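J.: Go by the hints and put chain B onto chain A.
There are 2 protein chains.
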Amino acid sequence: MAQNIYDQADFFEGYSRLDRSVQGLDGAPEWPALRAMLPKVDGLSIVDLGCGFGWFCRWAREHGAKEVLGLDLSEKMLARARAAGSDRNINYERADLDELSLPKGRFDLAYSSPYTMSAMSHGCSRLFIRLSSPAGSSTFSTEHPIFMAPTNPGWSVDVAGRKTWPVDRYLVEGPRTTDWLAPGVVKHHRTIGTTLNHLIQAGFTIGHVGEFRPTDAQIAARPELAEELERPMFLLVQARR
Amino acid sequence: MAQNIYDQADFFEGYSRLDRSVQGLDGAPEWPALRAMLPKVDGLSIVDLGCGFGWFCRWAREHGAKEVLGLDLSEKMLARARAAGSDRNINYERADLDELSLPKGRFDLAYSSPYTMSAMSHGCSRLFIRLSSPAGSSTFSTEHPIFMAPTNPGWSVDVAGRKTWPVDRYLVEGPRTTDWLAPGVVKHHRTIGTTLNHLIQAGFTIGHVGEFRPTDAQIAARPELAEELERPMFLLVQARR
Numbered sequence: 002m003a004q005n006i007y008d009q010a011d012f013f014e015g016y017s018r019l020d021r022s023v024q025g026l027d028g029a030p031e032w033p034a035l036r037a038m039l040p041k042v043d044g045l046s047i048v049d050l051g052c053g054f055g056w057f058c059r060w061a062r063e064h065g066a067k068e069v070l071g072l073d074l075s076e077k078m079l080a081r082a083r084a085a086g087s088d089r090n091i092n093y094e095r096a097d098l099d100e101l102s103l104p105k106g107r108f109d110l111a112y113s114s115p116y117t118m119s120a121m122s123h124g125c126s127r128l129f130i131r132l133s134s135p136a137g138s139s140t141f142s143t144e145h146p147i148f149m150a151p152t153n154p155g156w157s158v159d160v161a162g163r164k165t166w167p168v169d170r171y172l173v174e175g176p177r178t179t180d181w182l183a184p185g186v187v188k189h190h191r192t193i194g195t196t197l198n199h200l201i202q203a204g205f206t207i208g209h210v211g212e213f214r215p216t217d218a219q220i221a222a223r224p225e226l227a228e229e230l231e232r233p234m235f236l237l238v239q240a241r242r
Numbered sequence: 002m003a004q005n006i007y008d009q010a011d012f013f014e015g016y017s018r019l020d021r022s023v024q025g026l027d028g029a030p031e032w033p034a035l036r037a038m039l040p041k042v043d044g045l046s047i048v049d050l051g052c053g054f055g056w057f058c059r060w061a062r063e064h065g066a067k068e069v070l071g072l073d074l075s076e077k078m079l080a081r082a083r084a085a086g087s088d089r090n091i092n093y094e095r096a097d098l099d100e101l102s103l104p105k106g107r108f109d110l111a112y113s114s115p116y117t118m119s120a121m122s123h124g125c126s127r128l129f130i131r132l133s134s135p136a137g138s139s140t141f142s143t144e145h146p147i148f149m150a151p152t153n154p155g156w157s158v159d160v161a162g163r164k165t166w167p168v169d170r171y172l173v174e175g176p177r178t179t180d181w182l183a184p185g186v187v188k189h190h191r192t193i194g195t196t197l198n199h200l201i202q203a204g205f206t207i208g209h210v211g212e213f214r215p216t217d218a219q220i221a222a223r224p225e226l227a228e229e230l231e232r233p234m235f236l237l238v239q240a241r242r
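In order, the protein sequence lines correspond to chains A and B. Note that our numbering numbers the first sequence so that position 144 is 145, with each residue one more than the last. Note that our numbering numbers the second sequence so that position 239 is 240, with each residue one more than the last.
Just so you know, these hints were derived from the structure itself, not from any lab. One or more hints might be untrue.
Because identical chains share one entry, a pair is satisfied inside a single copy or across any pair of copies.
[To be verified] Here are the simulated DMTMM-like pairs of lysine to aspartate or glutamate, each with C-alpha atoms no more than 25 Å apart in a straight line: (1) Lys164 x Asp180; (2) Lys67 x Asp43; (3) Lys41 x Asp8; (4) Lys164 x Glu228.
Just so you know, these numbers come straight off a predicted model, no measurement behind them.
One chain only, chain A, in its complex shape:
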């Protein structure tokens, strides 16, 4: 079973205050890049793995998706997603993605946004593979493996005064316990190679590999994003059958 840290009060409160929780998709700096990698959602059956407050589910329906299934382990997040408005073509269901059993090939698009994949011991790729229909596709973002690998993740300043992101244990896959919003958050590190090769071995074709880079406009609006030029924070992948 995946760690259910989102239902822990301190974590939930912290997460609820993030821009991506308050403003939704527009508060997530990687969203414009991820959106550009999505297929047209018009008419599609979509599953959102780790739907959180349901921002993407609602966006997809507004853009013509036939139906959206939002899955999450957190009761608190699902309660807020349901409270945001009712739509009989959006279903929110509680699910432990590590132990999910849904019909094979049920969806045209499997979607996932950051923080879900890193929480799962086997990654999302097994689910993308099982849930996508033979003509289906998957678009997801995840914390970048370079962001997730370090034993002790955090910025450092080198002798010349430059901000750096010190990497260690990159080739050693497995759990990482860090403090983010709450102590003892467990993530599961996998390399980029492993992430992509799982999809390839299951018959997916890699369509695009993005690494979030803030635009000049984003940096002008939110100067703190400038540091995201130094290290890759999010990995964005689009794959199709």
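T.: Positioned in the frame of chain A, the structure of chain B alone reads:
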């Protein structure tokens, strides 16, 4: 024109003393992983971009390649490659890979080993694309973008005494001038995403993405390789039409 640092005496002497120069392919720790990603070379026409001393060209012929064209900018390296033995099905030619003009679709396999791609301002992917036949493939290794990105590449030790590889400027592509074997070596940094997307956009299908991880046996034989678990040093890619 690419920088021709290999013909500079100090660099050439240093490079000639590397294990990969003295022992050939078996001296390159990433070779077993790269070899496993190669198609059967039996009967293939192969181009080796940045062939150096010709180790791969000779290996390919020993394994049944029909013909091998080894291209390099360095006169000194080509002279040593030619001196290693004559084979009328191996041709070594001097070429600036940044300005190469060879017939389109001429080869079944385009190959490249580390240090070539990083020296080229536009990367090798343009060449892989132009030189591979419609049924062709490409297998290459390159310095990993995480290895190449930093302004001042080098190990650091964190407060807990852990060895780390500090990354900066990852999302800022372009030249990097570093000291390696000689001062003023110019490399050209591109992200993993850019490297893969160039191939995808040109109609290649990504077959495998490897990131060199030393095996236990390699570390036992060469304990200094243990540090390569901390950072990704080489990126290995196999792509086909």
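J.: Hint by hint, note whether the structure agrees.
T.: Hint by hint, here is what the structure shows:
Taking the shortest Cα distances, Lys164 and Asp180 sit within 25 Å of each other both inside one copy (21 Å) and across copies (21 Å). In this assembly of identical chains, the alpha carbons of Lys67 and Asp43 lie at most 25 Å apart only when taken from the same copy (7 Å versus 51 Å across copies). For the identical chains of this complex, Lys41 and Asp8 are neighbours neither inside a copy (33 Å) nor across copies (53 Å), given an alpha-carbon limit of 25 Å. With identical chains, the CA atoms of Lys164 and Glu228 are at most 25 Å apart both within one copy (8 Å) and between copies (22 Å).
Going down the numbered hints, you'll see the structure goes against just number 3.
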